[in-house]
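All chains, full assembly: derive it from the sequences and hints.
Spelled out from the first residue to the last, the chains are:
Protein chains: 2
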Amino acid sequence: MEKHTHKDCIQALKPVQDTLDVINGKWKLQIIISLNAGNKRFTEIERSIPKLTSKVLAKELKELEQNNLVERVVKDTYPVSIEYLPTEHTKTLFPVVESLKHWGENHRKHIFGAPTKVEKNE
Amino acid sequence: MEKHTHKDCIQALKPVQDTLDVINGKWKLQIIISLNAGNKRFTEIERSIPKLTSKVLAKELKELEQNNLVERVVKDTYPVSIEYLPTEHTKTLFPVVESLKHWGENHRKHIFGAPTKVEKNE
DNA sequence: CCGGATCCAACTGGATACTG
DNA sequence: CAGTATCCAGTTGGATCCGG
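Residue numbers (the working numbering), protein chains in the order written: chain A, 8 to 129; chain B, 8 to 129.
Think of the hints as simulated: they come from the structure by calculation, not from any bench. A couple of the hints might just be wrong.
Any copy, or any two copies together, can satisfy a pair, since identical chains are not distinguished.
Said to hold, decoys possible - Calculated cross-link-like contacts (lysine-lysine; reagent style DSS-like; alpha-carbon spacing at most 25 Å):
| # | residue 1 | residue 2 |
| --- | --- | --- |
| 1 | K21 | K47 |
| 2 | K108 | K62 |
| 3 | K69 | K33 |
| 4 | K62 | K21 |
| 5 | K116 | K58 |
| 6 | K21 | K108 |
As structure tokens, this is what we get:
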């Protein structure tokens with residue numbers, strides 16, 4: 008087996024990193040789930056996710072919006088109300104999440120020899 | 008998408024986050040690829056990945072080893088040589104990476120390629 | 001060659017307060 | 001309500017040097 012610069016491998020890795028960047032961090036997927044559970048308003052989302060602060064939520068929502076995974080809708084009422092909605096594109100993420108979930112479960116068995124357990128939840 | 012409770016989703020999300028933690032960062036997958044390309048020695052791996060420093064590589068290799076994705080072999084030669092090898096467990100990661108890659112490619116088209124769907128707000 | 005130790009700059013994110 | 005601003009502590013990672 009020859010050793011090479013595997014530049015082509017790195018090239019193939021680019022879309023992988025793109026995906027990881029998009030769902031990166033511990034909040035993005037939780038936010039997406041919260042939206043799909045029906046939460047729409049900023050404060051609603053914030054309250055639905057423990058330990059998530061408004062500063063971080065604002066930042067995460069912006070990034071999700073840029074990636075077309077969240078739609079920000081400004082309602083021209085008084086006072087202006089804002090809704091965050093999941094997009095069609097969001098749904099394409101579900102199989103990926105399933106894949107990650109499946110591997111995570113298998114990995115846990117592989118490392119600890121025990122299935123995922125329910126832990127504390129504040 | 009069928010109806011879940013929010014808590015169910017968060018619960019199901021745990022193994023997903025496990026997986027993301029394992030392949031997190033911009034180096035882990037590159038290192039795995041480098042190993043699978045045949046690179047074994049520390050310095051070899053370091054040179055094969057631009058911008059990767061020895062400190063970070065050492066840390067990443069330790070984490071990968073803890074997750075059984077890398078095997079560290081000490082050869083009792085003079086001077087002691089060390090080899091890093093991919094494991095069987097590493098292979099189980101490939102379908103996941105494929106899934107991430109596929110979504111990343113599709114996502115890029117969706118964002119930039121622009122068969123732009125018309126989503127109008129009022 | 002294989003890293004560990006150290007110093008340091010930049011970034012991250014929590015807590016709190018504040019605004020239109 | 002939907003965020004911003006500010007301060008601040010902890011973490012990350014680059015640069016460099018060092019020892020086995």
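Now for the hints, and whether the structure bears them out:
1. In the homo-oligomer, the alpha carbons of K21 and K47 lie at most 25 Å apart only across protomers (23 Å), although the nearest pairing inside one protomer, at 32 Å, exceeds that limit.
2. With identical chains, the CA atoms of K108 and K62 are never at most 25 Å apart, being 28 Å at best within one copy and 31 Å at best between copies.
3. Taking the shortest alpha-carbon separations for K69 and K33, both the intra-copy value of 15 Å and the inter-copy value of 22 Å come in at or below 25 Å.
4. In this assembly of identical chains, the alpha carbons of K62 and K21 lie at most 25 Å apart only when taken from different copies (24 Å versus 29 Å within one copy).
5. Within a single copy, K116 and K58 get their C-alpha atoms no closer than 28 Å, and across copies no closer than 34 Å, so neither meets the 25 Å cut-off.
6. Taking the shortest Cα distances, K21 and K108 sit within 25 Å of each other both inside one copy (22 Å) and across copies (8 Å).
When held up to the earlier numbered hints, the structure conflicts with 2 and 5 and fits the remainder.
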